[in-house]
Amino acid sequence: DQQVKQNSPSLSVQEGRISILNCDYTNSMFDYFLWYKKYPAEGPTFLISISSIKDKNEDGRFTVFLNKSAKHLSLHIVPSQPGDSAVYFCAASEGTNAGKSTFGDGTTLTVKP
Amino acid sequence: DGGITQSPKYLFRKEGQNVTLSCEQNLNHDAMYWYRQDPGQGLRLIYYSQIVNDFQKGDIAEGYSVSREKKESFPLTVTSAQKNPTAFYLCASSIVAAADYEQYFGPGTRLTVT
Chain A
1 DQQVKQNSPS LSVQEGRISI LNCDYTNSMF DYFLWYKKYP AEGPTFLISI SSIKDKNEDG
61 RFTVFLNKSA KHLSLHIVPS QPGDSAVYFC AASEGTNAGK STFGDGTTLT VKP
Chain B
1 DGGITQSPKY LFRKEGQNVT LSCEQNLNHD AMYWYRQDPG QGLRLIYYSQ IVNDFQKGDI
61 AEGYSVSREK KESFPLTVTS AQKNPTAFYL CASSIVAAAD YEQYFGPGTR LTVT
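Chains as they are written, first to last, in the working numbering: chain A, 1 to 113; chain B, 1 to 114.
Keep in mind that the hints were calculated from the coordinates and are not lab data. Do not take every clue at face value.
Derived DMTMM-like pairs: lysine to aspartate or glutamate, alpha-carbon spacing no greater than 25 Å straight-line [claimed, not checked]:
#, chain 1, residue 1, chain 2, residue 2
1, A, Lys112, A, Glu94
2, A, Lys71, B, Glu15
3, A, Lys71, A, Asp31
4, B, Lys57, B, Glu15
5, A, Lys54, B, Asp100
6, A, Lys5, B, Asp59
7, B, Lys71, B, Glu24
8, A, Lys100, B, Glu15
9, A, Lys68, A, Asp1
10, B, Lys57, B, Asp100
11, B, Lys83, A, Asp24
12, A, Lys56, B, Glu15
13, B, Lys71, A, Asp55
14, A, Lys100, B, Asp100
15, A, Lys100, B, Asp59
16, B, Lys9, A, Asp105
17, B, Lys57, A, Asp31
18, A, Lys71, B, Asp59
19, B, Lys57, A, Asp105
20, A, Lys54, B, Asp59
21, A, Lys100, A, Asp31
22, A, Lys68, A, Glu42
23, B, Lys83, B, Asp30
24, A, Lys71, A, Glu42
25, A, Lys5, A, Asp55
26, A, Lys100, A, Asp24
Since the model is a prediction, treat every value here as computed from it, not as a measurement.
From just these sequences and the hints, can you work out the full model?
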């Protein structure tokens with residue numbers, strides 16, 4: 001049973017437009033959510049996070065929204081740039097679980113010039 | 001520069017052989033993690049360590065072993081008992097083992113077993 005799901009394997013957007021990446025989770029004990037970005041043949045790098053006590057967190061062009069009742073979060077990238085093309089992983093953690101993160105399968109974002 | 005080093009980048013082994021993947025960090029982080037990634041899938045946790053001389057099994061620990069004798073090192077051994085060892089292996093660390101601390105990842109080791 002996959003507890004973190006990213007239902008869109010890929011997303012293609014035009015440069016300058018908004019990219020919206022979605023993530024759903026089933027475990028109501030998750031209380032911290034993180035997004036990581038991964039380029040080919042490299043390890044993931046942390047992008048942005050949100051605590052379950054918030055519904056929005058913003059960092060420059062990146063905003064994460066959390067809807068706890070729907071168990072859904074989304075990452076908005078505005079404006080999208082070609083350098084944003086990468087695989088984006090959603091991860092969820094329980095505060096009492098020693099930092100163990102459960103990852104989704106990732107969404108490959110392609111930003112076309 | 002602080003970071004995580006994994007070596008080698010590519011590793012080839014014959015079936016039935018044990019192989020050890022290296023992971024070193026100079027970030028002075030207490031917690032370290034090993035993940036496995038298969039094509040089209042997310043990262044699955046193999047083992048993690050919250051502190052030196054302590055480690056716990058993750059979701060897919062069978063066929064793997066680890067040690068944490070030094071704070072900066074967390075080697076992973078893929079044993080012959082691991083049925084499908086060919087995968088991309090990622091090591092990570094965080095300041096402490098807590099949900100609200102992001103993990104820093106190494107570049108990964110791609111292991112191929114034939």
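Taking the hints in turn, this is what the structure says about them:
no. : hint                   : in the structure
1   : Lys112(A) to Glu94(A)  : violated, 36 Å
2   : Lys71(A) to Glu15(B)   : violated, 42 Å
3   : Lys71(A) to Asp31(A)   : holds, 11 Å
4   : Lys57(B) to Glu15(B)   : holds, 24 Å
5   : Lys54(A) to Asp100(B)  : holds, 13 Å
6   : Lys5(A) to Asp59(B)    : holds, 17 Å
7   : Lys71(B) to Glu24(B)   : holds, 9 Å
8   : Lys100(A) to Glu15(B)  : violated, 30 Å
9   : Lys68(A) to Asp1(A)    : holds, 20 Å
10  : Lys57(B) to Asp100(B)  : holds, 21 Å
11  : Lys83(B) to Asp24(A)   : violated, 31 Å
12  : Lys56(A) to Glu15(B)   : violated, 48 Å
13  : Lys71(B) to Asp55(A)   : violated, 36 Å
14  : Lys100(A) to Asp100(B) : holds, 10 Å
15  : Lys100(A) to Asp59(B)  : holds, 10 Å
16  : Lys9(B) to Asp105(A)   : holds, 22 Å
17  : Lys57(B) to Asp31(A)   : holds, 22 Å
18  : Lys71(A) to Asp59(B)   : holds, 22 Å
19  : Lys57(B) to Asp105(A)  : holds, 21 Å
20  : Lys54(A) to Asp59(B)   : violated, 28 Å
21  : Lys100(A) to Asp31(A)  : holds, 12 Å
22  : Lys68(A) to Glu42(A)   : violated, 32 Å
23  : Lys83(B) to Asp30(B)   : violated, 31 Å
24  : Lys71(A) to Glu42(A)   : violated, 30 Å
25  : Lys5(A) to Asp55(A)    : holds, 19 Å
26  : Lys100(A) to Asp24(A)  : holds, 18 Å
Taken one by one, the earlier hints fail for this structure at numbers 1, 2, 8, 11, 12, 13, 20, 22, 23 and 24, listed in ascending order.
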